[in-house]
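If you're matching them up, the sequences are chains F, R, S, H, E and L in order.
The first sequence maps to residues 740 to 1116 in my numbering.
The second sequence maps to residues 740 to 1116 in my numbering.
The third sequence maps to residues 740 to 1116 in my numbering.
The fourth sequence maps to residues 49 to 122 in my numbering.
The fifth sequence maps to residues 49 to 122 in my numbering.
The sixth sequence maps to residues 49 to 122 in my numbering.
Hints in this document: simulated from the structure, not taken from any laboratory.
Warning: the hint list may mix true and false statements.
As the list claims (entries may be wrong) - Below 30 Å or equal to it, Euclidean Cα-Cα: the simulated DSS-like pairs (lysine-lysine) are: (1) H/K85 <-> S/K1047; (2) S/K950 <-> H/K85; (3) F/K950 <-> L/K85; (4) F/K1078 <-> F/K950.
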Amino acid sequence: MEQGLLQLWASTGLYNFTIGQIGMIVVGGVLIYLAISRGFEPLLLIPIGFGGILANIPVAEIAGPDGLLGILYSAGIESGIFPLLIFMGVGAMTDFGPMLSRPSLMILGAAAQFGIFFTLFGAIAMNVVPGIEFSMADAAAIAIIGGADGPTAIYVGSRLAPDLLGAIAVAAYSYMALVPIIQPPIMKALTTEKERQTRMTQLRHVGKLEKILFPLLLLLVTILLLPSATPLVGMLCFGNLLKECGVVERLSSTAQNELINIVTIFLGLSVGSKLAADKFLSAETLGILLLGMVAFSIGTAAGVIMGKIMHRVTGGAVNPLIGAAGVSAVPMAARVANKVGLQANPQNFLLMHAMGPNVAGVIGSAVAAGVLLAIVS
Amino acid sequence: MEQGLLQLWASTGLYNFTIGQIGMIVVGGVLIYLAISRGFEPLLLIPIGFGGILANIPVAEIAGPDGLLGILYSAGIESGIFPLLIFMGVGAMTDFGPMLSRPSLMILGAAAQFGIFFTLFGAIAMNVVPGIEFSMADAAAIAIIGGADGPTAIYVGSRLAPDLLGAIAVAAYSYMALVPIIQPPIMKALTTEKERQTRMTQLRHVGKLEKILFPLLLLLVTILLLPSATPLVGMLCFGNLLKECGVVERLSSTAQNELINIVTIFLGLSVGSKLAADKFLSAETLGILLLGMVAFSIGTAAGVIMGKIMHRVTGGAVNPLIGAAGVSAVPMAARVANKVGLQANPQNFLLMHAMGPNVAGVIGSAVAAGVLLAIVS
Amino acid sequence: MEQGLLQLWASTGLYNFTIGQIGMIVVGGVLIYLAISRGFEPLLLIPIGFGGILANIPVAEIAGPDGLLGILYSAGIESGIFPLLIFMGVGAMTDFGPMLSRPSLMILGAAAQFGIFFTLFGAIAMNVVPGIEFSMADAAAIAIIGGADGPTAIYVGSRLAPDLLGAIAVAAYSYMALVPIIQPPIMKALTTEKERQTRMTQLRHVGKLEKILFPLLLLLVTILLLPSATPLVGMLCFGNLLKECGVVERLSSTAQNELINIVTIFLGLSVGSKLAADKFLSAETLGILLLGMVAFSIGTAAGVIMGKIMHRVTGGAVNPLIGAAGVSAVPMAARVANKVGLQANPQNFLLMHAMGPNVAGVIGSAVAAGVLLAIVS
Amino acid sequence: MEIDQLLVQSLQLLGLGMGAVFIILTLLILLITIVSKIVPEEASPAPPTAARPTISPDHIAAITAAIHQYKKRR
Amino acid sequence: MEIDQLLVQSLQLLGLGMGAVFIILTLLILLITIVSKIVPEEASPAPPTAARPTISPDHIAAITAAIHQYKKRR
Amino acid sequence: MEIDQLLVQSLQLLGLGMGAVFIILTLLILLITIVSKIVPEEASPAPPTAARPTISPDHIAAITAAIHQYKKRR
Ligand code: NA
Ligand code: NA
Ligand code: NA
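Could you build all of it, start to finish, from the sequences and the hints given here?
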């Protein structure tokens, strides 16, 4: 009996806890709190936060190689399957119509990727700080946070720096949720009141055939120029083709509903399993959080500045605010652009105009991811 | 030609059948019959029965390591993934409100777990019967049938005694289906007419925040005291949090519909693959069926007796019948309590009062499973 | 910088393309085109075509052992799981009522399998053509195209001749889509106007119990006589039992909707991964396409001829056109029989009468697959 | 293997295969016919009743509420 | 192992197990009770409101349109 | 590797990466523009028609039946 009691006591959490595990369980709880009461990307942050809690339970080894989270991680994240399936679902949910109706605005989605590459540089520079040691692969994985696109960040992170994946994913989704706080001051600082008041003309109607051809064109260009981006871009295009072709409604519906939901649950829990105390509670996580903020800010600024250039070039046909939507963070950043525009001019509905750069930013960061994967890994 | 004919004949079922396989195909058919025409837990017993038939087909090796059932078994049961995902779905489907509105009744869900541990003792004692040899792990896996909770039984069975899994699962689901027959005589024998007539006061309203906090509290307590129960309890809490938090409706809906349906099909077929003749047709299966019945009966009795104690202690505020619901077998046992209550007093609606102990019984048996896994394995 | 540019250039598709890969990407595009604008089995040919494109992208290795398509292929096709789950879904979607109401017509579904075995002979004979070398296993895998049933063809192909799987699947689905073009001339050539005008009497009502018993009977017969067909037939029966038993509506619904949709996406992409240039662009593919056409034509002819025999034997109670539906290609071939019948007699509705042989053809080709798997492999 | 041998083997397969297909389907025809004789005739369901189960009580509740709201809005 | 030893061990498990179950559930009772005291009382939702969230605006739009079509058809 | 070297490399990546992003998106702008010129103009769908496909005939049937039942109940 006594022996049994001792055995049971020795198997309790109270007996086995390390301070780091307690800390990470608190972090998981905070993520869940932010997700529920502040609406921080709850679809991802609740599973990630919960996965983080489960992963830090002593004795149970849920994130170990034979535990549920460990198995899900190796089957779905290490293999890259989960983020790619999410991307397929994103493709099946995305209407590229607003982008196709005025393709020139895609250039805003290109400019905003500057946030990624500037952050890469910043991450390497951060190596001068003692206690922080980022390899080129680490830096690239951190930089992709600036893409403001969850599955892209997780895909690149899992390939280049799996140890940092937890912090990268948490930073990416947290900043995406914080877009309404991060972006407006930057947008306002870089634009004049008059620029912000710019109204944009109605979008032209985009035909069904154009919408069907677009994913195929996008894939073709990516194949020719940057095959390393084709897993991500290809699945995005596949999902979008399912949606637009109009003859496989049941597949499109499943891809954007049940399948993406199932994968989201699994992906969130798996990513959470990387919130292990020894990896997360380090100076490097602080560095990642800082760099992620930099990445979002620089990306926003670059988008707005390119918006200002387009404003000049087009003789005032483009409101520079929609440049901020180029970071992606779909559809939050487009909504922010709309909101800031309305503050300047209550008749100024920028939402659909901002959707173009917004989804172009998804493509832009997938391309950036392809470059990083091709050269760094 | 002749050779081909012989080869074909030598590959027929007629040529290759063993008597045991025929017996097990009949058993599979009986399970399907009971499920369809008697309503015996059809969601599980149809896949299990059909899996049992498929597994006993000669030549085809469907339950072999390269067959469909074999692959599903090793991917989903051996790994523990299927029962854990089912538990997540159960969490997403369970309303803990009735339990939270009167938490003291949870003690009934604790008492009913006595069925588990008494049966453990009984299984060990059964070793005196010649031809039966139960190790401590076997006994623990059998005992968990008394938890009256399918996924818990399958999870523990697959961990502690995979060879007995088929019989354990069949016993667990069969007795859950038989709850309306097993429980009433015990309930009536242990209570007086007057006790059964006891009416209970209306339940207090439980707020949204309490419901959100509960899965987190439950997980916290389990982490601190019994980490070995956290895979099961954790997934239950995760599913329930998805349901209650209110911000991830699409994940909650998928977890309690498509995902649990898919996993149920796979889990049932996989468990059925353990209905192999050489393992199932043995004295041990008879022992398991007998012990399962004992487990349900003792659990019911313990719950009712604890109900009588609470009846006394509270001065008649608790109807002892709801103690029987503490075994879990959700929601069947709660309905049985309601029905027996109505027989004693047609104004006596116990259903919602019995739901509290009923879902508490799920937690209770998950905790019991944690103890068994921590000490026995 | 220069080095980086070179590295990037050396990683482009432009730099790495082989002529074969370009050819296969065009083939993939053609499949997608046919699927979208001609309605060629889009549910399968869009994923297959897209998978073919992805598999032929240089550098990216998406169909390699660590790429998404490679992983899906080995997990789902090599293992046989995907086609079996599709078959389960097909079972859950199929109403065997019309077949049960007049079982004698099943003989038409048997006769049409002649297309399979005649093609087997033809494939072996084709070895006299230089550059073509079909083993017995190859020939069997090609012959099954004549079964006019996608999952059966993929299952047999993946077991007997994985290298030819891409071509076999493409041929099978293409010819299924071409049934309205291939069949009518053969049907008309073999029947007289008067035969085609034959009207058939209304079908008797089939009870619920008969429908529940049928999948169990079918499985039983297959177990006794041809266990090698039981993986396919078993899953078909399981799906159908879920549908007909009436007590597991949620499983049946998931099997015929979300689950089959998810598996269809994965199966299509995986099969597409076998559209690798070196395997597909060969004389053998031409041979397979030719043999597939032969298989469909002979199967149609055999069905119609058996229809004529039944027409005589029954004294004109059977319209021979419905024999053509015996090849399966559900429900296309039944619709074709209906259409040709309407051309001969505008009051002549053959659709429900043709559904019997049509679904019997599914069983027939699953049985044929069992024979091939038992003797050839 | 020689092609002659393969051709002979494929002819054998033709015979065996078509034989198996016909035997199994014929056996099924027999069994189905027997079952249809044994199984007690069902009262064939009245057509209007058949349509009802597709509408769940929940649905009706939802629609009822919607109609309510619809009427209120006007 | 000897059966006597196993029996003793299973009795120990009975004690430990029931102990753990009771301790954990009792602790939960305490925690739930405390939480229910701390958590600010919610205004209990009016019953008609409770029915509303089950009908999404999309649904209402669809039903509204359907009613329209239904009326037009007659 | 020395940090200087890494910094140089990351600057190179900045150039290469932004170059690739701009080239690919610019090429897409061109292609989309060309396609939009080539593709025959669609008659833009009338707005009321666009709303229709979201309601399936089955739904309408269900709703019609529900309205029926609703009316009968009153
Ligand atoms: Na982006
Ligand atoms: Na229980
Ligand atoms: Na067929």
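In ascending order, which of the hints set out earlier in this document are inconsistent with the structure? none
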